[in-house]
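A.B. asks: In case you want the letters, here they are:
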Amino acid sequence: MTAEPYAAASGLVERSAAAYVSAVPDQPQDDGFFGPASVTWRVTSDLSAPVAGLRSLLMQALHPLAMAGVDQHSDWRLDPVGRLAATSAYEATVTFGDRASATRVAERVKAIHTRVRGVDTVTGRPYAAGDPALLLWVHVALVDSALAAGTLFGTPLADADADAYVREMTIAAELLGVPHEIIPASVAELGRYFANVRPELRCTPAAAESMGYLLDPPGLDSDIAELWQDIRDAAVTSLPDWAREMYGYPAPTPLTAGRRTEIRQALGVLDAVFLGEPGVLEARQRLALRMRSARTKAG
Amino acid sequence: MKSQARRLAIAVLAGGVSIIAALTLLRGRRGDGSRGLRGSAWRGRRGSGWRGRRGDSGRRAGSLRVERGLTALRLVARGGARYASNAPRLFASAGEHRQQLRNDLALQTAEDVTTTLGTMKGVLMKLGQMASYVDDGLTPAARRTLSRLQDSVPPMSPELAARVVTEELGLPPEQAFATWDPVPIAAASIGQVHRAITLDGRAVAVKVQYPGIAETIEADLGNVALLRRMLKITAPSQDVDGLLAELRERITEELDYRAEARNQQLFARYYQGHPTIHVPEIVEELCTRRLVTSDLADGARFAELASWSQAERDLAAETIYRFVFRSLYEMHAFNGDPHPGNYLFHGGGRVTFLDFGLVKHFTDDELRPLVEMVKHLCVENDPEAFRRAMVEAGFLMPDTPLPTDMIVEHMALFYDTVRERGARTMTGEYASAVSRRFFDFRSPLAAYAAIPRSYVILQRINLGLFALLAELSATADWRCIAEEIWPFVQAAPCTPMGTAEATWLAGRRDLAQAARAVR
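Quick mapping for you: the protein sequence lines, in order, are chains A and B. Okay, so the first sequence: first residue is 1 according to my numbering, each after it adds one. Okay, so the second sequence: first residue is 1001 according to my numbering, each after it adds one.
Hints should not be assumed to be uniformly reliable.
Residues from chain A shown here face chain B by an in silico Cβ test under 10 Å; the list is partial [said to hold, decoys possible]:
id: 1; residue: Thr155
id: 2; residue: Ile171
id: 3; residue: Arg264
id: 4; residue: Asp271
id: 5; residue: Arg284
id: 6; residue: Arg292
id: 7; residue: Ser293
id: 8; residue: Ala294
These are computed hints drawn from the structure, not numbers from a lab. Cβ coordinates follow ideal geometry from the N, Cα and C atoms, glycine included.
When you get a sec, could you build the whole thing from the sequences and use the hints?
C.D. replies: Set out below in structure tokens:
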């Protein structure tokens, strides 16, 4: 663990918005690996997406080797906002981009991964970012978080759609080199995966520190910081008990209907802010048009 | 300094609408140190970084979370301001493409409406409409942003609009009207306007409300935690629940078009035959909760006025000014939404007033202290009586331990353009000066000031009217015009428009007498 301080988190919304806009294609060559009729497009566009994003980071950080890779190699401390924006740009490109774009960004990430290897100072275990087991953990954390956040704060999916989402998303892991046969392809398989991986998880100092940063990012524009409180509460509330206990976060009070509405309202306001960023409305409309025409074609 | 203040004064408040600084509805108080409470509990604590807000929520909730909500609108405005400098990519080609796109994205079901305007977006649009006239930080950028938010709401598909008409009138639009134009001519904040010709041949504008929008906004207003925080921070010493109730009532009222139709008809009747003020007649049998039908009006939009002569703009401003204060003093009513889009201009000072979605009616008891205030300050020059009227109105706490001259000094700014005769020009500088005074929380007066709930809406009109006149760079002797209208003065006309109005008024009186005689 290095001792460098984290850089301020200013510009989070602006840079995330710019990343999003750049990832939604103007003139795609094809519908990409998911397409406008996919459950994945719906889930990714859900109101609960910011909660899903924060929750998946909280989950991902609990794997000591995944966390070590981020902590020791990336520019996470120097430019956390840039790193987050790059991550969302990556996810959005894989989701909404055409196949060539998605493959291109995935290849770029794979190339970076080959250089990310070392020894985790906490467990003493060596790690490599290209290790399919680590990539799978990161993938599953994301998929599980989208479902959890959507169920609690967004538009919950029907069981069949939840399974379809998990199944559709396997391609995202494959793009980074995870063998198809080890990727959970249904909600039930997600559950089994977690049961198996649990013993490897723990909250290392690096995880505690970087998640502490994320839950209360310094230097966030004060306006956004106020909204972030609700996103943060929502993300922590949506964690599995075991994950929350690893961090030592107190158990949340039961989610009342009123509190849920309040969080959804905060998400709505954040969404309106996002919508005000350059190009976001147009990007949304590009996607909406394609999703609508897919819906029309389907029936 | 005094003359500076005088120069910067606004005429809007002349009518006795004096609003105290605490009327900073929807605006935040920054830098009071409350943010420090958030502290470092989140950072770098192994295994116990998260200190759980819920655990000690009580007191923290008051000070921490409050600030957040009310910044929402500023946030929205912020994005919009930046947006203005960036050409939207998809809309790069001209209006036609854009219209096509909006049509392609048209809302097809009530569910689409909920998705688009739910979770606060509809409420934000409504609040934003209000805030743009309350918050100095929201002017021109805010207007762009509001239109941005509005842009994000596609029109209803022709089928969906027709379905609403059918549900409301029991007949599809082609049967309920002789002619129905399925292409909307304008967007309203929660609906859209269609042209039609009634079965008896009247050309009308039909405003059709988005289906489900009322329920959506009411649901968001049903959970007021966020709104309460907005208000608490804005006006810590105020009756927050009172303000909230007033806001909710106003917004809810706007969701029922029947109230709008009633109000518009009231104004149309009152101003019938007025030389420059025109309010389109309502077609009552075609108005329902989600439909409002009135005579179709056409004219120049506000933006076109920029190319008109200053003399024309001054005349238009005079008409708007007279409309606002005559409505207040004679009808005891305020037409609440001074949005530039709600006027059509015809030259010669003739103005058509549209959209009566937000009208506040004052009782005699509510209006009297406002009248007293302006009378004592501007005509009788009696500071102590002015102060008593402020207390009576509820603007000032009875035992405020501040000298009267300080209170007057603070308030005088709002009355300055009507304290003395002489032509004055409204400029944008007025807006910021008065806004700064409004939003001056450091004023010693702030702790003793309050906004009685029935006056909340005045702020919206004040700054809205003010902003409009400033945008027109309008020049007039506002005091002179005010004297014509002030019920305790009723001076002789001092402008040609005043003369024409006096003739109209005399005609109205004769008419009323004749009506009485007949009875």
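A.B. asks: If a hint holds in the structure, say so; if it does not, say that too.
C.D. replies: Going through the hints against the structure:
{"no.": "1", "hint": "Thr155", "verdict": "holds, 9 Å"}
{"no.": "2", "hint": "Ile171", "verdict": "violated, 27 Å"}
{"no.": "3", "hint": "Arg264", "verdict": "holds, 5 Å"}
{"no.": "4", "hint": "Asp271", "verdict": "holds, 7 Å"}
{"no.": "5", "hint": "Arg284", "verdict": "holds, 8 Å"}
{"no.": "6", "hint": "Arg292", "verdict": "holds, 7 Å"}
{"no.": "7", "hint": "Ser293", "verdict": "holds, 8 Å"}
{"no.": "8", "hint": "Ala294", "verdict": "violated, 13 Å"}
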